[in-house]
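Visitor: Sequence:
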Amino acid sequence: MGAPHADHAQTQRTGTVYFRFRSEPADAGNGWTFDDSFPGATGDTLYQHEFLYQLYLHADPHYSGRVTVPVLWDKKNHTIVSNESAEIIRMFNTAFDALGAKAGDYYPPALQTKIDELNGWIYDTVNNGVYKAGFATSQQAYDEAVEKVFESLARLEQILGQHRYLTGQPANRSRYSPVDHAGPF
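For the record, in the sequence shown the residue sitting at position 79 is 79 according to my numbering, with numbers rising by one throughout.
Some hints here could point you the wrong way.
[Claimed, not checked] Heads up, simulated DSS-like pairs for lysine-lysine below, C-alpha to C-alpha not over 30 Å straight-line:
| no. | residue 1 | residue 2 |
| --- | --- | --- |
| 1 | 114 | 132 |
| 2 | 132 | 148 |
| 3 | 102 | 75 |
| 4 | 114 | 102 |
| 5 | 114 | 148 |
| 6 | 76 | 102 |
[What the hints assert, rightly or not] Now the in silico label distances, taken between C-beta atoms and shown as ranges:
| no. | residue 1 | residue 2 | range |
| --- | --- | --- | --- |
| 7 | 62 | 120 | 17 to 25 Å |
| 8 | 116 | 158 | 16 to 24 Å |
| 9 | 62 | 158 | 29 to 37 Å |
| 10 | 63 | 120 | 27 to 35 Å |
| 11 | 99 | 158 | 15 to 23 Å |
| 12 | 65 | 150 | 27 to 35 Å |
| 13 | 109 | 159 | 17 to 25 Å |
| 14 | 151 | 109 | 36 to 44 Å |
| 15 | 39 | 95 | 21 to 29 Å |
| 16 | 99 | 59 | 20 to 28 Å |
Just so you know, the hints here were simulated from the structure itself, not pulled from any lab data.
Glycine included, C-beta positions come from ideal geometry on N, C-alpha and C.
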């Protein structure tokens, strides 16, 4: 199973993806690895770390929290800027325009309330719902998660049956949220 929300930033803005992460039982509890076997991925060329937790410790040697993806890394200041997918996508909306990123406003002020409302339930019931089902520790937890996923997929189908885009407007943050997670489900 892939990383929850890890592909959002890659999907949102066209650009270079330097690392691909994977987590496998063979990783012996070390978590996400820098996987250079994925076509186009390079592994960690900055520090040659094998595991993502090493990058977290590089930023803060005393870090003891969860190691999650995605990670937006500041190589100049040697630190993690963010590991929250929605926040990273909002940053990508304009932060890299001067560096030649594909221009576009994916979080327009007029749609922010609607986008945030959509993202709230999509995040909880589709994005996390898929992982709640996949990592359920009981049949009841699995059944509840799957039911919420399919209810939300039906809601998405209803919205998209009336509009080409979830907000009724072209590409924005909500457009990408369910696609990355429901596809593998």
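Visitor: Could you tell me whether the CB distance from residue 63 to residue 120 stays inside 27 to 35 Å?
Guide: 28 Å Cβ-Cβ, so the 27 to 35 Å window holds.
Visitor: For the hint 29 to 37 Å, verify it against the beta carbon of residue 62 and that of residue 158.
Guide: Check failed, 48 Å falls outside 29 to 37 Å.
Visitor: 36 to 44 Å was suggested as the range; check whether the CB atoms of residue 151 and residue 109 agree with it.
Guide: violated, 30 Å
Visitor: Taking 30 Å as the top limit, are the C-alpha atoms of residue 102 and residue 75 close enough?
Guide: Cα-Cα ~22 Å, so holds.
Visitor: Residue 65 and residue 150, beta-carbon distance inside 27 to 35 Å?
Guide: holds, 33 Å
Visitor: Between residue 99 and residue 59, is the Cβ distance one that fits in 20 to 28 Å?
Guide: holds, 22 Å
Visitor: Check the following: the C-beta atoms of residue 116 and residue 158 are separated by a distance inside 16 to 24 Å.
Guide: Since residue 116 and residue 158 have Cβ atoms about 20 Å apart, the given range 16 to 24 Å holds.
Visitor: Does the alpha-carbon distance linking residue 132 and residue 148 stay inside the 30 Å limit?
Guide: The given pair, whose Cα atoms are some 10 Å apart, holds under the 30 Å limit.
Visitor: A range of 21 to 29 Å was offered for this pair. Does it hold for the Cβ distance of residue 39 and residue 95?
Guide: Given about 27 Å between the Cβ atoms, the range holds.
Visitor: Is the hinted pair residue 114 and residue 132 satisfied, with a Cα-Cα distance of at most 30 Å?
Guide: holds, 25 Å
Visitor: Is the distance from the Cβ of residue 62 to the Cβ of residue 120 consistent with 17 to 25 Å?
Guide: violated, 33 Å
Visitor: Okay, residue 99 versus residue 158 on CB: inside 15 to 23 Å?
Guide: violated, 39 Å
The structure shown violates the earlier hints numbered 7, 9, 11 and 14.
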